[in-house]
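Residue numbers (this note's numbering): 4 to 50.
Don't take every hint at face value.
Cβ-Cβ distance ranges computed for the label pairs, FRET-style [claimed, not checked]:
1) Leu38 / Ser15: 16 to 22 Å
2) Ser36 / Gln7: 31 to 37 Å
3) Ser6 / Tyr31: 19 to 25 Å
4) Lys30 / Arg9: 20 to 26 Å
Hint data in this document are derived by calculation from the structure and do not stem from the laboratory.
Think of the CB as a built atom: it goes at the ideal place given N, C-alpha and C, for glycine as much as any other residue.
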Amino acid sequence: ENSQQRADELPSWLHRYNWHRPHGSLKYQPPISRLALAENNLLMLHN
Numbered sequence: 004e005n006s007q008q009r010a011d012e013l014p015s016w017l018h019r020y021n022w023h024r025p026h027g028s029l030k031y032q033p034p035i036s037r038l039a040l041a042e043n044n045l046l047m048l049h050n
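All chains should be modelled from the sequences, with the hints used to inform the complete structure.
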């Protein structure tokens, strides 16, 4: 892969990592769960 391909994939990777991937140190919750956002806010942020 070249640098542009990596840059193109980064937003998708970050989204999965922060919104969907379970983290062992967070009791298998994704990092976004630490923000304790109201449901309405969470729905507006998640796309």
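Right, here's what the structure says about each hint:
In this structure the hint that leucine 38 and serine 15 lie 16 to 22 Å apart at CB holds, the actual value being about 20 Å. Our hint of 31 to 37 Å for serine 36 and glutamine 7 holds, since their Cβ atoms are close to 32 Å apart. For the pair serine 6 and tyrosine 31, the beta carbons lie near 33 Å from each other, so the given range of 19 to 25 Å is not met. For lysine 30 and arginine 9, the hinted distance range of 20 to 26 Å is not satisfied, since their beta carbons lie about 31 Å from each other.
Hint violations for this structure: numbers 3 and 4, all remaining hints satisfied.
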